[in-house]
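There are 2 protein chains.
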Amino acid sequence: MKLEVLTIGTELLLGYTVDTNAAELGRALAAAGAEVARRATVPDRPDAIRTAVVEALDRTGFVIATGGLGPTRDDLTKTVVADLMKRRLVLDEELLAGIEARFKRMGRPMPAINRTQAEVPEGATVLPNPRGTAPGLWVEDARGRVVVLLPGVPREMRGLLVEQVLPRIVERQGAARRVVSSRTVRTTGVSESALAERVGPIEPDIAPLTLAYLPSVDGVDLRVTAWDLDPTDAEARLAGAVERLVTAVGEHGYGVDDADLAAVVLDALRRGRHRLGVAESCTGGMIAERVTNIPGASDTFIGGVVAYADVIKTAALKVPLETLEAYGAVSEETVRAMAEGAQRLFSADSSIAVTGIAGPGGGTPEKPVGTVWLAARVHTTTRAIKRVLPGDRDDVRRRAAQASLDLLRRLLAEA
Amino acid sequence: MKLEVLTIGTELLLGYTVDTNAAELGRALAAAGAEVARRATVPDRPDAIRTAVVEALDRTGFVIATGGLGPTRDDLTKTVVADLMKRRLVLDEELLAGIEARFKRMGRPMPAINRTQAEVPEGATVLPNPRGTAPGLWVEDARGRVVVLLPGVPREMRGLLVEQVLPRIVERQGAARRVVSSRTVRTTGVSESALAERVGPIEPDIAPLTLAYLPSVDGVDLRVTAWDLDPTDAEARLAGAVERLVTAVGEHGYGVDDADLAAVVLDALRRGRHRLGVAESCTGGMIAERVTNIPGASDTFIGGVVAYADVIKTAALKVPLETLEAYGAVSEETVRAMAEGAQRLFSADSSIAVTGIAGPGGGTPEKPVGTVWLAARVHTTTRAIKRVLPGDRDDVRRRAAQASLDLLRRLLAEA
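From first to last, the protein sequence lines stand for chains F and S. Here the first sequence is numbered in our numbering, starting from 246 and rising by one per residue. Here the second sequence is numbered in our numbering, starting from 246 and rising by one per residue.
Don't take every hint at face value.
Which copy? The list can't say, so a pair holds if one copy fits it or any two copies do.
To be verified - List time: in silico BS3-like cross-link candidates among lysine-lysine, alpha-carbon distance up to 30 Å:
1. 331 x 563
2. 612 x 247
3. 631 x 563
4. 612 x 331
5. 631 x 331
6. 631 x 349
7. 612 x 563
8. 631 x 612
9. 349 x 247
Simulated from the structure, these hints should not be mistaken for laboratory data.
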């Protein structure tokens with residue numbers, strides 16, 4: 246099954262809004278068995294919308310359009326599509342009652358302009374939108390050609406897609422359905438080439454699934470993709486491939502799909518009934534922020550210190566002044582003392598510490614920008630490593646936060 | 246001047262990559278005077294690329310295509326475009342030497358496949374790409390129709406766009422050039438409707454420029470846009486509109502265009518020779534992270550404490566146990582004591598403190614999820630406010646961080 250996606254909005258063409266709907270639609274539709282053959286963006290102008298819908302219908306017979314369903318004058322999609330599908334716009338009383346009730350709940354009178362949102366092309370299927378006032382619409386003609394209209398607001402688009410559109414697309418394909426879907430094995434603390442040495446030998450076993458290496462500041466993700474397979478077959482093959490990959494990457498893997506290293510570390514700490522304290526310098530609070538981003542972190546995470554000025558490394562973390570003077574703030578001795586200091590300050594049995602030079606200033610020939618010392622400590626064991634991280638200030642900070650969480654993950658795995 | 250943008254890549258259609266190039270191209274081209282009439286994305290298939298380029302050329306005579314210029318077999322754009330423009334691919338010796346030199350600098354032998362990157366359609370203008378191996382190409386036919394090919398890697402695309410493409414597009418338009426460009430006035434701590442009361446009266450003075458209200462977790466941005474104006478005229482009118490808007494929004498405005506509130510607060514602190522310490526609970530390090538994200542923060546920011554467990558509020562920040570017990574961790578009394586504690590701990594003359602319930606758990610009927618107490622302190626003056634912030638955990642944390650920085654900004658402005 247092929248279709249085209251049309252996103253409507255002058256704001257999108259001017260680059261004032263990044264089209265996140267397009268990527269979301271692509272992923273969900275491919276996994277449901279529909280191939281997005283082409284995607285287009287046109288301005289809020291009737292002629293442009295009309296031409297694009299007609300062309301797309303001619304090519305694939307199925308168009309999903311987002312945007313241009315709100316109550317303002319820029320929102321023209323519905324009128325244009327009704328016209329080209331030769332339907333009148335008729336008032337849907339049920340829809341009107343729903344929109345009126347929605348405004349009532351918000352304690353506001355309904356502006357007259359919102360009444361037009363209850364008009365639908367005659368014979369269209371109304372897709373209820375509990376998250377907003379504009380419903381989705383599924384308009385199908387006698388030849389089986391379909392135009393689906395969805396609102397542009399991402400939260401509303403996503404809800405309608407999952408609850409209303411995908412089930413219909415799955416049903417339409419029947420038993421012949423073939424999907425494109427992916428899963429991801431996440432690694433960190435290992436280079437792409439070292440990973441390839443481990444993973445290369447099993448690539449033939451994974452075929453016909455394909456493998457992509459996706460490096461980022463968080464590490465290297467391995468994405469395995471099943472192409473045009475029966476959904477059950479795809480799922481089984483993907484599960485098998487993920488299992489093989491997880492085994493192959495070994496200790497460098499920290500999770501699959503949307504796994505977040507901070508959540509993985511929190512879980513490992515929780516299993517060992519540990520408590521965590523953090524001491525940060527160049528990462529400036531990023532590690533604590535990532536850990537506390539996970540709901541429920543408070544049962545394990547006690548607190549953190551951002552010891553940005555050296556005086557705080559001595560005052561709050563009790564790093565000996567002699568250590569700072571003899572080895573400098575960015576040194577193994579200092580980061581070890583910070584990890585011990587965090588453990589003590591937070592009465593925690595485990596800790597993470599980071600000190601480094603994020604740039605753009607502050608580098609020296611011996612300690613260039615990107616130099617960081619990281620430490621993880623559990624009970625009386627400390628692991629400390631030095632890294633010289635590439636990229637700009639933000640990259641260095643993000644890589645340092647990820648690497649320090651990974652250091653603790655590996656230390657906990659050994660225990 | 247109208248043109249179309251074509252982004253090429255099966256990865257984009259599958260939603261594995263978000264098309265950030267498209268938004269970047271849209272903004273830059275509009276500001277240079279070119280209207281993006283339509284944008285399309287097609288898979289890495291010769292027929293799909295060919296059809297899309299031909300159609301776009303028929304409509305506007307000018308296409309900018311990104312992606313599909315690397316050395317792998319998926320990268321077909323150049324071959325397809327050479328064919329449809331009826332050009333042979335010829336080896337560009339200078340380009341080849343450049344690519345060979347690049348590999349030499351990296352200390353690696355050049356793979357044979359990279360040789361194809363030095364092939365260009367006969368008569369094309371090579372746009373040098375100092376950031377990668379694939380150059381940009383500007384192919385123009387006898388009728389003045391143009392296809393510009395740029396690599397898909399965002400950093401390389403951006404460099405070529407700014408250095409090579411935009412100047413040619415500006416030159417091509419001559420004196421008749423008309424641009425679409427925008428500027429933004431950033432506000433926070435004020436509702437959209439309160440803002441509209443202040444700004445509404447001056448909207449007629451701003452015309453024909455248009456005004457958009459853009460609410461987000463950071464506040465409400467006011468974007469003013471000049472449409473189809475002479476570049477000098479647009480710039481002057483935008484500057485005038487920004488000045489009027491800044492006056493109208495008054496104390497709620499914290500900057501223009503890309504202004505970051507953390508940088509604005511750091512500057513204000515620096516001007517008053519203040520030093521800052523931060524005490525965070527529910528924001529979990531986000532405020533410190535935002536402040537230290539600004540290069541050079543170390544001259545002003547001393548440090549922060551993430552007092553996630555209540556015991557740290559007492560131990561590190563010296564919040565009296567009686568205060569916590571009598572009023573609770575999320576209370577005016579506690580946040581004031583935290584602000585004083587941060588000032589003392591960091592020997593700083595100014596501080597920010599936040600305590601609240603980010604959710605999803607932890608809410609009560611009296612203190613529902615989203616309840617936060619914020620404090621800012623300079624010398625001996627503390628301002629404390631309560632907010633009940635909407636949204637999910639991430640929203641509440643981001644709104645709380647922004648609101649607390651804003652509280653300090655306002656306090657500093659009064660001094």
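Evaluated hints:
1. 331 x 563: Close neither inside one copy (78 Å) nor across copies (73 Å); limit 30 Å.
2. 612 x 247: neither (55 Å within a copy, 51 Å between copies)
3. 631 x 563: within (21 Å within a copy, 35 Å between copies)
4. 612 x 331: neither (71 Å within a copy, 55 Å between copies)
5. 631 x 331: neither (68 Å within a copy, 55 Å between copies)
6. 631 x 349: between (61 Å within a copy, 28 Å between copies)
7. 612 x 563: Cα proximity of residue 612 and residue 563: one copy only (24 Å, versus 37 Å across).
8. 631 x 612: The answer is within: 11 Å in one copy meets 30 Å, while 45 Å across copies does not.
9. 349 x 247: The answer is neither: 41 Å in one copy and 45 Å across copies each exceed 30 Å.
When held up to the earlier numbered hints, the structure conflicts with 1, 2, 4, 5 and 9 and fits the remainder.
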